[in-house]
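J.: Letter by letter, the sequence shown follows residues -24 to -1, 1 to 946 in mature numbering (1 follows the signal peptide of the UniProt record, and there is no 0).
Be aware that a few hints might be false.
What the hints assert, rightly or not - BS3-like cross-link-like pairs, simulated, lysine-lysine; straight-line CA separation at most 27 Å:
#1 K578 - K609
#2 K817 - K860
#3 K66 - K605
The set of hints was computed from the structure by calculation and includes no laboratory data.
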Amino acid sequence: MSMMNKVTLYLFYILLFSSSIVFAQHPVFEHLTEKDGLPDIEFYDVLEDDKGYIWLAADKGLFRYDGKEFKNYTHPEKRALSVFGLKLDKQGRVWCNNITGQFFYVENDELQLFIDLEKEANGQLADYKLFKNRLIVFNFWYILSVDLTTKEYQFVNKNNFIASVYKRNDSLFYLSQKGLNYSFNGRDFKERNNFKKSIKYSGISWRSFRFDETQFHYSYDFNGYINKNEKGKLVLERNNQLIKVELPIDLQKYFTIRIFIREDFLWFCTDKGVYVCKYSDGKIRHVKSYFKNKQITKVIKDSNNNYWLSTLRDGIFIIPNIYLNKYESTDITQNISAMSKVGDHSVLFGSTNGYLTLLNTRSKEKVDIDVGSREKVFSIIGIDKNTALVSFSSNSILLDLNTLEYKRLSRFGNAKDFSLYNEKKIVFAAFAYASINTIDEGEEKTRIRGKRSYSTHYSRTNDKIYVGYVDGVQVYNNAFEGTPILHNNKPIFALDIEETNDGTIWTSTFKDGIIGIKNEKVHVNYTEKNGLLSNLTSVIKADGHHLWIATSKGIQVLNTKNGKLENLTKRDGINSYNISDIAVFDTSVFFSSNKGVFEVNKDKGFKDVQVRDYYFSNILVDDKNVAIKDFYKLKYNENKIQFKLHVNGFLSEENVQCAYRLVKEGKKSKWDILDKGVDQITFNDLSAGKYRFELKALGYAGNKEGSTISVQLEVQLPFYKKWWFLLSLITVLFFLIWYRFNVRLKDLERKQEEVLEKERMQKQLVSSRLESLQAQMNPHFTFNALNSIQNLVLKGDKLEAYDYLTKFSLLIRENLNMSRKSFVSFEDEIRLLEKYLELEKLRFRNEFSYEILGKKEIGTIQIPTMIIQPYVENAIKHGLLHKKGNDKKVVLEFYKEKKTLICVVYDNGVGVEASKKIKEKSNISRESFSTKAIKERLSMLQKYYKTDIGVEYVEVNEGTKVIIKLPYNQ
């Protein structure tokens, strides 16, 4: 291709794909308007007092802002709505004045009228200064000196044009048509004789300020009386004369309202924005401009380095961090999804709409690049200072940053992350695998692992590859053999991987904070417990021995040598924590997000935040507001107290957290941390005693804390617990006891005997009824046993009948012994049951078997007798007797549950339903005597023991299962 064709092609690409302009940048700011509760949009002055309140002089009056709410201050004798000239005196009082000559100050949270100079003001707004013990009021035509104690005043200068009044060192000066005058007391002035009148001031208003040991005076002529082409003039004092200083062209054309010194710069507040200038060698050089076309009336820097700018028609602007800049861009390139440093002085951005922007970080020139893709840019990596690799949703491109030519690499596909492996190869993290690809051709050379991957890093220090997969981090040697890295024996789910210059491999995680790895083992972990703002982290970027970290609650930089963390949060102007990438340069760091691109100065971007003290905005006792004081004595039924808290300042909740504790007299208590966003602490149902409630502010960095404030509480005892009441009560009780003991003792003894006798008779009645029921059960058992013997005789089984009769006699004897007792030992009851079951085994011959479980674990207890046997008998008579086959079986199981003995009787007979049908066919419908008697016994036992006692039938697949719950005594 010829040189001409190359030039033509280059120009074609420039015109078709890019536009090169200066990338506008502006400090990130908050704009307070009526939607934020701002009471006005027209402000003349702004001031911070020593408590952190922001005061606003507005067209609608005087307002105080505590960081959340605006409070209006007015006075019944106030004649004009607007106020001006906010100043703070040595007592911490805020002063202001109005156009009718009234001067006010705020004391005890009320606006006080100090003096009314209506006649002297003559309808003209005056300026004023507080000098020693005097109020110095001045206008174009006069200077008035007022004693702050007696309010007596006198004219210092009248009917002579006053150019400027200013303080310097311990003296007060005023500049007039006649020259320069000075005073040490604000009342008696002398003329400086050697001052040369080299500048004409007639008809021009002046402002004075001191900068770099030089006294400056600025005159503004907003009506153009002197020079229509020159709205302002700046002069300085040198060798007792005024010397003109050349202003930049814009400052000559625009009306400058005020001039302030901020950060060693001159801030010119004009009707066309703020012009920040540098003064050196007698020249004013324009550096930068903010808020163009806005009428800025005042700029202050508060105690937490927030810049407040008041305007005439646009409310209040707040710059939280003057060293945090946002780059303005079009809507289509606003949502930045990826970014990378390319070369030493360039950064390449990619948006969700597929657009690319190349920015020169020194000249601030940008080039918008359109490569024809509207897919999201997923990742970017600078291959060298002239080449970048960009991954879109379905393909990647190799971009030449000089010619803006690009080569599409379709085989690359979508990359979650890149990492340079060598000059020709790259570690590629894709949605389904990780691989080594060639850069020029985009071909896959080595498949590392077929698993979804998110992040990669190649360490040249130890020649190893680190890949973050969906199932954890693995490290690979040069043979691509992988080894998992674990933290607390669990996988590390890495969202990003970086390496600091000490060889530490760092991983960001979504729940475990930042993890540092050395020699393939975790050696450090930063979480919320040791300074991290959030355990949910995303992008990280190494910067020498520093590590920049994006978290869900802010951006942090970690000094890996000493473990110190510094924070950038909303209080610093970070208006999005959705950080997509980080690019680190020598003096600044770039962040890309869904809200654009931000740049922060590495050295000056971290503010030294003052920890302001909390104070009580309200205190409530039993939900009623009470006066705020240091000690509260509460009645016993006033034991609910609520403290509503506040700390002054813009976004103060981002700066501090509240620590509190309630200490009861004679006891220790630990500090608790109030949850972020909670502004009240409530104590309910405080018991009687003395308490100390303590409160203090803690910096989120952990190295600062405010003063401890405390409130003493005393909750009184109820009257019936006080000593005099107790003494009286004891005396009365003693008399009553004596009276009852001596007069009604016999009656009391008689009643007690009646109660005891009644209880004893009741127990005897219960015992008698139980024995009666038990006695009735014995003949029933005997009758059933004789029936069994009869059946054996009728069958002709004489030997069996004889054996049965022998065992039956032993059983009868044992039963007669036990029938005299309501409770018997568990061993005796088991022995009786076993004898009975042996009888039944003789009757059924080889067709019947039984098993008793759990009897050894029960121990020595006493249980009601003759309750279990009838249910065992029912199992045999109604369940097994009608069952065919020779596998008839009864199982008894015993165990304890709480204070109850559980007996489970199970048989594999015909079951309950079949037994009922057999009864119906046999015309047997009445409930058996034994069942009815046992139910009555169990009912009486349940009433006596007041516990869970009874019988329960449980449905089973085969046979019948009965659960018997009995009381027992040890």
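J.: Hints first: check each against the structure and report whether it holds.
T.: Hints, one by one, checked against the model:
A hinted pair counts as satisfied when its Cα atoms are at most 27 Å apart, and K578 with K609 does not qualify at roughly 53 Å. For the given pair, K817 sits about 16 Å from K860 by alpha-carbon distance, which is consistent with the 27 Å threshold. Among the hinted pairs, K66 with K605 is consistent with the structure: their alpha-carbon atoms are about 25 Å apart, no more than 27 Å.
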